[in-house]
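With the sequences and hints as input, model every part of the structure.
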Amino acid sequence: MDRTQALLITTGVVAGALATLAVQRYLQSLADSSPETLKPDIRNGIEECIGNTPLIRIKSLCDLTGCEILGKAEFLEPGGSVKDRVALNIITLAETQGHLTPHTSSVIYEGTVGSTGLSLALLARARGYLAHIFMPNDQSLEKSQLLTKLGARTTLVPPAPIVDKNHFVNLARAHANSPHPPPSQGFFADQFETEANHAAHHDSTGPEIYAQTAGRIDAFICGAGTGGTLSGIAQFLKKKLPDVKIYVADPPGSGLYNKITHGVMFDIREREGTRRRQQVDTIVEGIGINRLTRNFQLALPLIDGAIRVHDPQAMAMAKWLVEKDGLFLGSSSAVNCFAAVELARRLGPGHTVVTILCDSGARHLSKFWKDMDVGGDLGMTAEDLLSAGEKKVEKDKKSDTAAVPVATTDLKLDLEDEENQSS
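Numbering that gives the first Met the number 0 puts the sequence shown at residues 0 to 422.
Hints listed in this document are in silico derivations from the structure and should not be mistaken for laboratory results. Please note that a few of the clues may not be correct.
[As the list claims (entries may be wrong)] In silico DSSO-like pairs for lysine-lysine, Cα to Cα no more than 30 Å straight-line: (1) Lys366 <-> Lys318; (2) Lys164 <-> Lys366; (3) Lys318 <-> Lys239; (4) Lys38 <-> Lys237; (5) Lys148 <-> Lys318; (6) Lys318 <-> Lys58.
Laid out in structure tokens, this is it:
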């Protein structure tokens with residue numbers, strides 16, 4: 000351990016002790032207060048519980064890299080994920096614009112791989128609406144079960160390309176546009192394209208991160224599905240901190256890594272005749288896509304780079320975080336954390352890297368966590384984490400290299416046409 004790393008660890012320990020002491024003193028002051036001096040702190044419904052999540056110092060990753068690696072704990076939102084912010088903003092904006100009226104049996108439709116649907120279902124009930132969610136039938140079972148328990152109607156469909164009318168997003172849009180008996184309305188949430196998505200993070204998540212770090216951030220990194228989290232936070236942070244680095248964490252099969260790195264929206268694992276499934280070829284859910292959404296396009300000019308995270312690396316990180324930090328997270332969070340470590344290693348000791356802890360592992364038991372167990376010992380080493388799935392990773396890196404545009408102009412044009420059709 001060098002002097003810088005030792006200093007960072009000592010600083011972290013001291014900061015933690017001081018924070019604990021401050022909390023203890025604050026709680027004692029409350030206990031000693033009289034009712035006349037206390038101010039009520041009561042939230043008006045579940046909507047007012049959304050946001051202001053903690054920013055967690057992930058101690059094991061800080062020790063591993065010599066950097067401050069901080070995770071925004073969005074898994075602590077009332078609906079269990081970062082999508083609560085987006086769902087609330089979508090509904091609020093729709094009400095303001097007259098597209099939704101509470102308590103009229105109106106229905107909110109959305110096509111989602113799960114988390115946005117869960118957030119919409121929860122808030123729909125709180126605001127006097129019904130929710131009808133369309134999602135691919137290859138997602139973790141827990142998500143569809145939770146949707147049902149939240150009172151949403153759930154339609155599971157086979158994965159399909161976005162240009163197919165039977166793609167889950169297109170089906171949601173079609174049902175929203177079908178006639179509804181007055182006074183009810185059908186409303187398509189349209190999370191991939193709506194301005195309410197990135198605006199939710201520009202107006203809340205970004206400012207929270209800036210305030211919680213006192214503006215001391217060197218880099219922000221997260222995965223992208225709709226692109227709203229990335230674009231909203233990036234837009235805010237770049238205005239405040241022009242030198243902050245913005246990176247995308249991308250799973251296998253997604254085209255975003257190659258779009259950012261090589262300028263072509265294509266992944267060789269998705270070419271005709273080779274893909275094992277119809278969307279992104281990874282066990283990771285919620286991030287990765289092969290088209291440019293309006294929300295992601297807003298982030299493109301602000302992005303400094305991308306890091307590919309492979310399935311074995313994400314799985315190793317998920318186990319590591321449980322074993323070392325007691326953090327039980329979902330697949331996209333594991334991707335974010337592995338990418339944050341890689342970015343921190345590139346930047347060098349002493350930097351601060353922030354990422355998003357999107358949701359809990361409880362939503363991923365039947366898929367991402369299905370074949371993983373955390374043993375009773377604490378024997379996982381840094382080498383186990385950093386070298387996870389080396390053979391698979393090297394194979395995928397060769398595939399990424401093969402995707403560099405070499406006289407593939409026709410392919411690029413075809414893909415851009417498909418992107419235009421889907422937006």
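Checked hints:
1. In summary, the hint linking Lys366 to Lys318 is supported, as the alpha carbons are separated by about 14 Å, within the 30 Å threshold.
2. With a C-alpha separation of about 27 Å, the suggested pairing of Lys164 with Lys366 holds against the 30 Å cut-off.
3. A hinted pair counts as satisfied when its Cα atoms are at most 30 Å apart, and Lys318 with Lys239 does not qualify at roughly 35 Å.
4. A threshold of 30 Å between alpha carbons decides the hint, and for Lys38 with Lys237 the separation of about 36 Å lies outside it, so the pair is violated.
5. Taken as a hint, the Lys148 and Lys318 pair is honoured in the structure, with Cα atoms around 29 Å apart against an allowance of 30 Å.
6. For the given pair, Lys318 sits about 15 Å from Lys58 by alpha-carbon distance, which is consistent with the 30 Å threshold.
When the structure is compared with the earlier hints, violations turn up for hints 3 and 4 and for no others.
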